[in-house]
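There are 2 protein chains.
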Amino acid sequence: MALVVQKYGGSSVESAERIKKVAERIVRTRKEGHDVVVVVSAMGDTTDELTDLAEQVSTGAPPPREMDMLLTAGERISNALVAMAIHSLGAEARSFTGSQAGMLTTNKHGDARIVEVNPHRLRSALAEGQIVLVAGFQGMNEDSKDITTLGRGGSDTTAVALAAALDADVCEIYTDVDGIFSADPRIAPKARHLETVTYEEMLELAACGAKVLHLRAVEYARRYNVPLRVRSSYNEKPGTLVAGSIEEIPLENPIITGVAHDRSEGKITVTGVPDTPGMAARIFRVVADAEINIDMVLQNISNASDKKTDITFTLPRSDGPAAVAALEKSKEQIGYAELIYDNEVGKVSLVGAGMRNHPGVTAKFCEALSDAGINIETMNTSEIRISVICKSDQLDEAVRALHAAFELDSEEEAVVAAGTGR
Amino acid sequence: MALVVQKYGGSSVESAERIKKVAERIVRTRKEGHDVVVVVSAMGDTTDELTDLAEQVSTGAPPPREMDMLLTAGERISNALVAMAIHSLGAEARSFTGSQAGMLTTNKHGDARIVEVNPHRLRSALAEGQIVLVAGFQGMNEDSKDITTLGRGGSDTTAVALAAALDADVCEIYTDVDGIFSADPRIAPKARHLETVTYEEMLELAACGAKVLHLRAVEYARRYNVPLRVRSSYNEKPGTLVAGSIEEIPLENPIITGVAHDRSEGKITVTGVPDTPGMAARIFRVVADAEINIDMVLQNISNASDKKTDITFTLPRSDGPAAVAALEKSKEQIGYAELIYDNEVGKVSLVGAGMRNHPGVTAKFCEALSDAGINIETMNTSEIRISVICKSDQLDEAVRALHAAFELDSEEEAVVAAGTGR
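Residue numbers (full-length UniProt numbering), protein chains in the order written: chain A, 1 to 422; chain B, 1 to 422.
No lab work stands behind these hints: they were computed from the structure.
These figures come from a predicted structure and were not determined experimentally.
Ideal Cβ positions, reconstructed from N, Cα and C, are used throughout, including at glycine.
Be careful, since some hints might not be right.
[Claimed, not checked] Heads up, simulated DSSO-like pairs for lysine-lysine below, C-alpha to C-alpha not over 30 Å straight-line:
id, chain 1, residue 1, chain 2, residue 2
1, B, K21, B, K211
2, B, K108, A, K145
3, A, K145, B, K145
4, A, K31, B, K211
5, A, K108, B, K211
6, B, K31, A, K145
[Claimed, not checked] According to the in silico footprint, chain B covers these stretches of chain A (three or more CB under 8 Å from chain B):
id, region
7, 64-76
8, 80-90
Full structure from sequences and hints, please.
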């Protein structure tokens, strides 16, 4: 008998029919003898509908505190409905709001962080044999006891936080895909389904554009060593287990885990920057003061003749205009020649714990892209990842080229490849 | 500067447009220099929509605890939206759930009673100059800290309870009519608008079918001496003040306040009952055990020859079938001849504090009805009320006849009448 935390996304509970199906799966898990804690998101487009209403009654941005009061009603509704559907199947369930579940957060409405979880009410309900339901995405701040929301990926994070606090055996994230793949199957049809992925690899994949899991939830799971299982709520397939550290990976495993891609970035190049110490710092200070996060950075070698250089960096495309505006405002202060903004770029990343102890991966990576006629604009690497920026219209081709070059299409060959020490 | 509690019903906040109008009225009241606490019901048909969803996912009745968790989301939504609309008008507002507002209730989900109100969070918000919004109809039970709902008239009761706990100067109940009338204007076109009504009279009117205010909220207001003002959210008319006791009424006031009618009752007659002590008790015990409340009772004089009698009583029409079934089951035990159920009846009531010290009202009442050719089936009186049961198709005519006979059509004459001691 284990303690299982299950999280169901909005599409899994978008209708009464889907809610009944979810209830059947929950009751089945309970009948297998496990304690079950379930986190449910708001039904389908409830959140959008509530946001529309907020815009209709507001001029300008609504007060964040009230926005949280409004939106959290969505998860209350879906949770209560799932509890009713479970009840109709002859099992007992009790639903709890975020604050009832002991989710204490920081004060920042709309994007609060979990500070502490005090699930004593959940524990006593479990002790009574109840199936426990918790409204995802929400909590209560410590200072004013107001209702807060956790921002993007909030329900995943709620589930992981509860799994950690209750010392659950597994946290199952139910979604509309069969798990994690070696690439997006819509782009690379031969993408392999992955049985297991380490936390580190999943972090890199999520950070590089894989949308199945939210970076924040993976970070939380890694920190508290919570095994995550990503699986579909539409079938019985086992999905993908996210667990373990790259330190524990057997050598026989493939070097490369997968290829991720990201279409959400833009690129800014600042040309003719005086090549003096602290110049880059001055530029990034301007961007940082605009509360914009930078991803990749490239500083070209200085042009010997005029001691000028170019600085290139990528950032979320949505922040592009703001960053450009901020830099133009301080053009004199910085003293650069020209500002070039390009949002026709894409990022492709190769992730694999095995590449640490296998030289030549970078070379092979570059060969694969050049063979495919893809020009690398900027490159950035970590211990287990290589990322490059290319033209956005070449992104799909880049994904397929790398997926093929590293023999991800076929599991066997990939395993053999692990020994070859390229 | 006063403390004003305002309650807006579901129709007053049924759309974004209506919510903005309500916000304007609230801000106007604040700008007049008053502290404002607002109780809002769920938008228009939100409650019906949520109930539909509950039925779609449930076989049989949903668990009451989850039903309360589901329905209370409706008031959270409307409250947050009104707070946003207020914010857009440049004022500051903060919304609170029932439990945040300190509404402690009994455990009975779906029909909880208020046990205690601890509005310390509301007080500090008011002290900060905030407009305070409270989700109506909901609270938290003391034992399990679960969310409860107050049942029918819950939001009116929330408003009155808050007004009492905060020692408000007035509790304004906003609705879609201009206040209390001497009769239902749809039936008696000459009905007079009433400027003031005592608690006792309002209790009798509400108990006899006047639907503007819920009996429960009036009882609460009388107990804590909270002045109620019933008015329309669609205009600026002052509405009707419900306050004061019949003891304080000046003699110049009209004898009669108004005529109420009720179409929701049915009548059961048990014939051929042995006229022995405790027989009536045995019948009413059977009905009480079916958890059915009885309204009016009439026991005919015994038929001397066979020492048998008939017992007639009225009850909510919705409980009719259950009562008949219960009585038929114990026919032998009671030993009656026949059971007659009649749901073609209506109840008309005359209410007025003045009738206490004016003899002849009952005689005039009966004359008026007989002059109109209306047969009285059962009569029942209190110190300030006369009620009779008649055929339902004669009910409207009965209302008009009494309204005319007691000169309610014209305020002046009614005042003169007060002196004539009929």
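Hint check:
1. For a cut-off of 30 Å, the pair hint linking K21/B to K211/B stands: about 24 Å separates their Cα positions.
2. A hinted pair counts as satisfied when its Cα atoms are at most 30 Å apart, and K108/B with K145/A qualifies at roughly 26 Å.
3. Restraint check: the Cα-Cα separation between K145/A and K145/B comes to about 15 Å, which is no more than 30 Å; the hinted pair holds.
4. About 49 Å separates the Cα atoms of K31/A and K211/B, which puts this hinted pair outside 30 Å; it is violated.
5. The straight-line distance between the Cα atoms of K108/A and K211/B is roughly 45 Å, outside the 30 Å bound, and the hint therefore fails.
6. This hinted pair checks out: K31/B and K145/A have alpha carbons roughly 28 Å apart, not beyond 30 Å.
7. Chain B is given as covering the region 64-76 of chain A, and this holds because 9 residues of the stretch bring a CB closer than 8 Å to a CB of that chain, at least three being needed.
8. As drawn, the region 80-90 of chain A meets chain B at 8 residues by the rule of a beta-carbon pair under 8 Å; at three or more, the given contact holds.
Of the numbered hints given earlier, the model fails hints 4, 5; all others are met.
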